[in-house]
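Undergrad: Generate the whole structure from the sequences, applying the supplied hints.
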Amino acid sequence: MSDTTEEPSQPPSSENHPRKIKRCPADFIFGKQIGEGSFSVVYLAKDIHTHKEWAVKVCEKRQIIRERKQEYVKREREALNRMSGVPGFLKLFCTFQDPTKLFFVVTYAKNGTLLGLMETKQKLDLASVRFYAAQIVLAIEEMHAKNIIHRDLKPENILLDDEFHVMIADFGSSRIGDAQVSQVDPDGQTGRPRSGSFVGTAQYVSPEILRGRGSSEASDLWSFACILYQMIAGFPPFQGANDYLIFQKINNLELTFPENFNSDAEDLVRKLLVQHPWERLGMNDQTRYESIRKHHFFEDVNFSTIRSTSAPVSLEHSAAADDRSFSTDVKPGLDAEQIARLLGQDWFGMGASAGSSSKLP
Numbered sequence: 001m002s003d004t005t006e007e008p009s010q011p012p013s014s015e016n017h018p019r020k021i022k023r024c025p026a027d028f029i030f031g032k033q034i035g036e037g038s039f040s041v042v043y044l045a046k047d048i049h050t051h052k053e054w055a056v057k058v059c060e061k062r063q064i065i066r067e068r069k070q071e072y073v074k075r076e077r078e079a080l081n082r083m084s085g086v087p088g089f090l091k092l093f094c095t096f097q098d099p100t101k102l103f104f105v106v107t108y109a110k111n112g113t114l115l116g117l118m119e120t121k122q123k124l125d126l127a128s129v130r131f132y133a134a135q136i137v138l139a140i141e142e143m144h145a146k147n148i149i150h151r152d153l154k155p156e157n158i159l160l161d162d163e164f165h166v167m168i169a170d171f172g173s174s175r176i177g178d179a180q181v182s183q184v185d186p187d188g189q190t191g192r193p194r195s196g197s198f199v200g201t202a203q204y205v206s207p208e209i210l211r212g213r214g215s216s217e218a219s220d221l222w223s224f225a226c227i228l229y230q231m232i233a234g235f236p237p238f239q240g241a242n243d244y245l246i247f248q249k250i251n252n253l254e255l256t257f258p259e260n261f262n263s264d265a266e267d268l269v270r271k272l273l274v275q276h277p278w279e280r281l282g283m284n285d286q287t288r289y290e291s292i293r294k295h296h297f298f299e300d301v302n303f304s305t306i307r308s309t310s311a312p313v314s315l316e317h318s319a320a321a322d323d324r325s326f327s328t329d330v331k332p333g334l335d336a337e338q339i340a341r342l343l344g345q346d347w348f349g350m351g352a353s354a355g356s357s358s359k360l361p
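Residue numbering for the sequence shown follows our numbering, starting at 1 and increasing by one per position.
If you're looking for bench data, these hints aren't it; they were derived computationally from the structure. Treat each hint with caution, since some may be false.
[What the hints assert, rightly or not] Okay, derived cross-link-like pairs now, SDA-like style, lysine to any residue, Cα gap no bigger than 20 Å in a straight line:
hint, residue 1, residue 2
1, K294, V274
2, K101, E71
3, K123, A311
Predicted model, so just to flag it, every value in this text is computed and none were measured.
TA: Here it is, written out as structure tokens:
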């Protein structure tokens with residue numbers, strides 16, 4: 001790997017990318033830490049040329065190799081490249097590297113995650129649930145149309161932009177193909193090599209993945225149904241003292257609904273949380289997920305304008321950038337001195353993933 005080599009996030013012929021974006025650590029002033037994982041740290045950073053704020057994910061090459069996460073990082077970059085600029089997804093501004101680190105510069109989601117919003121409000125009102133559920137459905141459509149299966153959809157991987165609209169993030173566990181994504185056949189297969197390794201998060205993982213039968217588009221629909229349930233109930237549909245007990249409930253489809261759970265939402269969840277992936281609502285549609293969009297729960301939703309519709313949440317929940325994010329006497333770059341400065345700041349836990357989650361790969 002060469003020193004400080006910029007890798008453009010999209011072809012320079014793109015209207016939004018008329019020329020290659022050349023950046024290196026010295027082009028950014030690094031502020032507070034907003035996330036971390038086993039081989040990466042995410043910082044809020046400011047581009048010294050444009051003064052725009054970005055989330056910069058810094059990955060340690062040595063740690064990536066030690067944990068054998070090379071493919072994870074490749075998938076993350078490939079998925080971000082494919083989805084960058086698509087409404088409902090993080091924008092990948094650029095990537096670059098130095099002898100010891102990889103850098104991903106992506107959208108800073110200053111309003112945090114869907115999980116954070118849910119925790120702030122305990123439960124979302126039905127208008128907010130419909131708004132976010134509709135945006136997630138559209139994002140899943142776009143993602144699957146570009147042959148990406150996320151495989152780890154959950155509220156903390158759904159970030160909120162400046163307008164409180166959704167941005168799907170964290171594609172390290174995704175499955176990416178070259179051809180058009182196939183719908184599952186009656187054997188639960190997609191006609192392409194399947195990944196039998198376990199991926200995902202306990203409360204949102206589908207039964208076919210638990211049973212080692214591989215993942216498909218239907219696996220993301222299962223996760224979506226779990227998120228929809230949680231937005232209304234305030235907790236996931238499958239819970240237990242440990243992962244094993246949660247997996248047992250998923251495999252046995254031990255599904256109950258709280259009193260006063262919206263009846264249309266319950267019907268939609270039940271039609272998605274089905275053991276056999278090909279029987280889930282939307283999997284037999286000629287037009288992708290048309291039956292989901294036309295479900296009674298979305299009766300008053302205009303899917304063609306939902307991305308431009310104002311979010312039905314009050315701005316009092318906004319997590320706007322902290323005034324202490326950037327010191328006036330800090331020089332650009334991320335050398336040992338700068339890292340020591342950042343480690344000495346009492347800002348840990350104030351932010352999250354590429355805007356929001358405290359746990360990152």
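Undergrad: Next, verify each hint and record whether it holds.
TA: Going down the list of hints, with the structure as the test:
1. Pair hint K294 plus V274 holds up; C-alpha atoms about 19 Å apart against a cutoff of 20 Å.
2. For the given pair, K101 sits about 16 Å from E71 by alpha-carbon distance, which is consistent with the 20 Å threshold.
3. A threshold of 20 Å between alpha carbons decides the hint, and for K123 with A311 the separation of about 16 Å falls inside it, so the pair holds.
When the structure is compared with the earlier hints, no violation turns up for any of them.
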